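Residue numbers (the working numbering), protein chains in the order written: chain F, 183 to 527; chain X, 53 to 298.
No lab work stands behind these hints: they were computed from the structure. Small disclaimer: the values here were computed from a predicted structure and weren't measured. All C-beta atoms, glycine included, are put in the ideal place defined by N, C-alpha and C. Hints may contain errors.
Chain X is faced by these chain F residues, among others (derived, beta-carbon under 10 angstroms) [claimed, not checked]: (1) R310; (2) P326; (3) D329; (4) I437; (5) G441; (6) P452; (7) V456.
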Amino acid sequence: MDDLPLAKRLVDAVISDFPDHQPGTRPVHTIGIGVEGCFTASDVARNYCVAEHFGGEPVKVSVRFSNGSGSPKQHDGWSDVRGMATRFHLKDGAATDLIAMTLGEFFSRNVDDFFAFTAAARQTPVGRESPWRKILDMLQLVLPFPDPYPGQTQSGDAGTLGYANQHRFAQLGVFQAGSIGAPVSYVRATYHAVHTFVVTDPDGIRRNVRFSWQPVAGVRTYQRTDPLQPDQYLQQELRERLAQWPARFMLMMTIGEDGDAIDDPTLPWPAKRVRVVMGTLTLTKVADDQAAAAEHISFNPCRLTPGIEASGDPILHARRDAYEESRIRRGGIACPFSGGPSNAK
Amino acid sequence: MPSSPTSNLTDDRSWFDRFVDRLPQTGIMKFVAARILVPYWAWRYPVQKQPGGPPFSIQPGDNVQRMMNLVMPLKDKSAVGRAIAALAIAQNVDEIYAGLDNVGTVHFARFVIVDNNICMMSVYDGDFTNYIRDFIATIGSVFDAVVSLVEGGDDVIPSEHNIEKFIDWVHAHDMYQVPDLATGILRDQEALKGDTAQTGNDDLRLLPRDLILQLNVNTNVSLGSGYRAYPGYSAAQVRRQFGIGW
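Model the full assembly from the supplied sequences, consistent with the hints where possible.
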């Protein structure tokens with residue numbers, strides 16, 4: 183197993199957490215919907231980053247919203263991390279991607295952590311706690327295990343909880359993921375790109391930054407205490423919403439300070455950091471060709487453009503080749519890394 | 053009580069399941085939790101009181117626009133006592149304004165009376181201890197007048213003769229700032245115990261109890277570091293930018 187390239191092992195590790203995963207589909211964030219729109223940079227964006235899409239001219243974008251699970255079964259109403267992958271279409275056929283999720287931090291500091299986490303996250307049978315057990319939890323002021331959803335027989339929650347209990351860096355991510363709920367709409371959630379990137383301004387000054395998308399419509403989420411939503415509502419809600427009016431997000435860029443965790447995606451930055459509004463994303467329609475816009479399209483967090491560089495975050499770098507490996511397995515549209523990634527073990 | 057997610061259940065629950073799922077929302081369970089369970093667990097697992105004020109940080113952005121939220125219980129818990137406290141402020145407005153201008157690092161400051169507490173809420177730049185030292189030097193006499201109306205205040209006035217004691221007293225009345233991140237309170241509790249390990253034998257399901265027990269000893273807290281529309285600038289920077297100087 184260890185003889186396989188790192189990217190293959192990473193993808194295999196992710197898939198192992200979803201026993202019903204279907205070959206030819208994405209290992210996680212399997213179910214998604216493609217949307218079209220444009221991004222317009224703010225007046226100040228160009229002062230911080232020389233990247234083309236921050237220059238001020240509107241840029242066409244392709245966005246894929248997704249549920250986090252690698253299962254082919256769609257359970258929109260289940261508590262789950264959601265994804266928002268954005269491609270900015272630049273001049274001369276170039277492009278840059280920004281991949282974000284509703285979780286504000288990651289579970290793993292590096293690749294070794296990631297393998298350990300995915301091993302712990304294997305699905306195990308779940309059932310409802312006995313009422314006596316729940317009473318005991320109450321008496322101990324302990325958070326009870328959530329009841330499984332109707333039809334849910336397996337979950338990775340017990341494993342991830344056990345992992346987090348042993349590894350403090352994973353606790354925030356596991357706790358937040360456990361209570362993340364389901365958005366009322368894909369466009370009513372905040373999405374975080376989690377990793378640190380380095381942007382360069384017109385004077386050549388380089389800054390460590392993190393990006394997030396904030397919904398202009400505001401954040402609203404169904405929690406487990408709300409009535410369970412149907413398995414399929416998010417895509418229909420998006421179609422109906424965009425048929426009436428556009429949906430917008432603000433791209434916020436947080437500037438890190440010396441001492442902030444640059445290469446560790448398990449550590450969010452303090453809320454006090456300077457945040458710059460970099461522009462507005464306007465989503466106008468659900469793509470007509472969903473096979474192209476939601477399935478064949480291949481995003482990569484390291485598909486960057488001059489003015490934006492990857493930080494030294496080992497998870498970010500590992501994702502580059504893992505995403506390419508995933509693309510190859512499902513026959514997605516080739517990205518610039520095809521043929522040349524350093525799949526070091 | 054942490055509440056159990058219940059509404060996603062199918063109808064195959066027994067009456068006992070449904071009863072237990074509803075239990076955290078019932079008055080009897082809330083009573084039992086407040087009067088029996090919390091005192092019991094607080095006795096079983098004593099939690100140290102967290103210090104007030106923002107956490108220590110050397111980073112510039114963390115050292116501007118810091119919050120101080122003093123909650124000071126009045127000795128005289130009557131309308132008369134509250135009126136005396138209000139007059140102590142009103143009669144010294146000039147001294148307060150001149151003093152705060154002279155401190156130079158204060159963005160906002162105000163006194164409020166909540167129930168029978170006189171509270172001073174301020175936003176300042178830089179080190180807490182230096183802030184209080186400057187405070188004593190510039191408006192110590194006003195603060196002495198206020199502190200004399202507060203429980204335990206007589207021990208630390210006049211402040212200019214009890215500087216270190218006064219700083220500790222203010223710090224003790226400053227609200228604990230609950231971390232922005234959900235699991236931050238665990239890290240704060242570990243820090244008080246000198247536990248800085250990356251790994252542990254924790255139980256994340258105890259987070260609600262940890263929070264409850266912390267709020268049992270820190271009854272007045274600030275929830276998170278607060279929203280800022282324009283973070284990261286000192287009072288001096290803001291005044292300079294607007295061309296209104298000191």
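To see whether the hints hold, each was checked on the structure:
1. R310: Cβ of F/R310 sits 7 angstroms from chain X, so the hint holds.
2. P326: Status holds, d = 5 angstroms.
3. D329: holds, 5 angstroms
4. I437: holds, 8 angstroms
5. G441: Cβ of F/G441 sits 5 angstroms from chain X, so the hint holds.
6. P452: With Cβ-Cβ at 6 angstroms, under 10 angstroms, it holds.
7. V456: holds, 5 angstroms
Every hint from the earlier list agrees with this structure, and none is contradicted.
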